[in-house]
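*Asks:* All chains should be built: construct the whole structure from the sequences, respecting the hints.
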Amino acid sequence: MSDPSNEPGERSSQRRDRGLRGVLWVCGAALAIHAIPLFLPRDMPEQELAIARATESVEGRLRFLVPLKHNDKATAADLREAAELLREGAPAEAHDLVLEAERRDPNSLETQLLLARICDRERMSRCVDQSLGKARRLAPADPRAELLRADLSEEKGDVEGATEALSQAYNRAPGDPLIGVRYGRLLSRMGRPEDALKVFTSLEGKVPAARLLVEQGLVLTREGRSREAVGLLQQAVQKDPKLAEGHFQLGIAWFQLGNETAAEAALRQADRLDVSDTRALATLCTLQVKAGKLEGARQTRTDLERRFPQRMDAIREQCRLP
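For the sequence shown, the working numbering begins at 4 and goes up steadily by one.
Be careful, since some hints might not be right.
[Stated by the list, open to error] Here are the simulated distance ranges between beta carbons:
{"no.": "1", "residue 1": "Asn262", "residue 2": "Lys209", "range": "29 to 35 angstroms"}
{"no.": "2", "residue 1": "Met193", "residue 2": "Lys242", "range": "27 to 33 angstroms"}
{"no.": "3", "residue 1": "Leu102", "residue 2": "Lys159", "range": "35 to 41 angstroms"}
{"no.": "4", "residue 1": "Lys209", "residue 2": "Ser279", "range": "25 to 31 angstroms"}
{"no.": "5", "residue 1": "Pro180", "residue 2": "Met315", "range": "34 to 40 angstroms"}
{"no.": "6", "residue 1": "Ala95", "residue 2": "Pro143", "range": "30 to 36 angstroms"}
{"no.": "7", "residue 1": "Pro109", "residue 2": "Asp306", "range": "56 to 62 angstroms"}
{"no.": "8", "residue 1": "Thr58", "residue 2": "Ala95", "range": "15 to 21 angstroms"}
Simulated from the structure, these hints should not be mistaken for laboratory data.
For each residue, glycine too, the CB sits at the ideal point set by N, CA and C.
*Replies:* In structure tokens form, the structure reads like this:
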């Protein structure tokens with residue numbers, strides 16, 4: 004006869020065993036489902052691409068993607084995706100794939116744009132120019148070639164080249180608000196405030212009024228015209244009281260005018276409206292240090308560190324206490 008005192012323990016052990024078997028069945032089924040593509044005949048580009056997407060290492064991706072160059076079923080779009088997956092880690096192989104995509108579809112704008120990006124990764128400036136030139140010829144009204152030129156120039160610190168490229172993109176798509184805002188900002192950085200303001204004025208009705216006032220205020224702040232900037236930024240936050248960027252820029256403009264109380268109020272309001280952004284309190288901390296309010300700066304930095312412990316080093320870099 005079994006010991007009655009052991010029965011509850013035996014039942015508990017049986018339940019655990021059944022539960023463990025259930026977990027193992029689920030894990031095994033999931034593994035089998037994910038492994039199925041590996042055992043199927045892989046003559047379809049979609050399968051190779053799916054496996055490559057799930058493969059983290061470039062070396063692992065190469066064995067699935069490079070053969071697509073010789074796969075008659077691979078479309079130009081398939082080859083572009085394969086090249087994109089290899090662009091960062093294996094640009095030479097990506098280059099070969101995108102050239103094959105060009106051979107299969109010579110009139111694709113997307114292929115030329117991707118080729119330009121890959122050539123830039125390989126530091127082949129002539130290839131970049133040729134690809135972007137062909138992209139412009141394929142789609143004269145499309146601004147994407149010039150936008151890519153602007154991206155590549157800006158990455159290299161060539162603000163003048165980026166501005167020229169954006170000028171051409173803006174001429175191709177004058178009603179595009181994203182292009183217009185970016186172009187206006189670069190004109191301001193280049194020290195051409197009046198041209199920047201003209202661009203922003205042309206965007207009226209295409210960009211929210213409050214957002215546009217903030218952009219115009221930024222131009223004036225950069226030029227040291229802080230009083231005018233404050234006026235525009237006050238209008239912006241009146242039109243949209245929840246626009247955190249408006250309050251943030253207003254705080255900076257107020258500080259430039261010497262009104263530290265108004266600056267702090269605006270920055271704290273920006274922080275309340277967007278608690279995920281460290282800029283408002285980090286800027287307040289910096290301004291407090293400049294004003295000699297070290298105790299306030301310490302408290303502000305402590306508040307930031309408590310809220311964003313994972314960004315502590317960056318916060319201390321942004322707000323250095325003497």
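*Asks:* Now, for every hint given, state plainly whether the structure supports it.
*Replies:* Each hint, compared with the structure:
{"no.": "1", "hint": "Asn262 <-> Lys209: 29 to 35 angstroms", "verdict": "holds, 33 angstroms"}
{"no.": "2", "hint": "Met193 <-> Lys242: 27 to 33 angstroms", "verdict": "holds, 28 angstroms"}
{"no.": "3", "hint": "Leu102 <-> Lys159: 35 to 41 angstroms", "verdict": "violated, 24 angstroms"}
{"no.": "4", "hint": "Lys209 <-> Ser279: 25 to 31 angstroms", "verdict": "holds, 28 angstroms"}
{"no.": "5", "hint": "Pro180 <-> Met315: 34 to 40 angstroms", "verdict": "holds, 37 angstroms"}
{"no.": "6", "hint": "Ala95 <-> Pro143: 30 to 36 angstroms", "verdict": "holds, 31 angstroms"}
{"no.": "7", "hint": "Pro109 <-> Asp306: 56 to 62 angstroms", "verdict": "holds, 59 angstroms"}
{"no.": "8", "hint": "Thr58 <-> Ala95: 15 to 21 angstroms", "verdict": "holds, 19 angstroms"}
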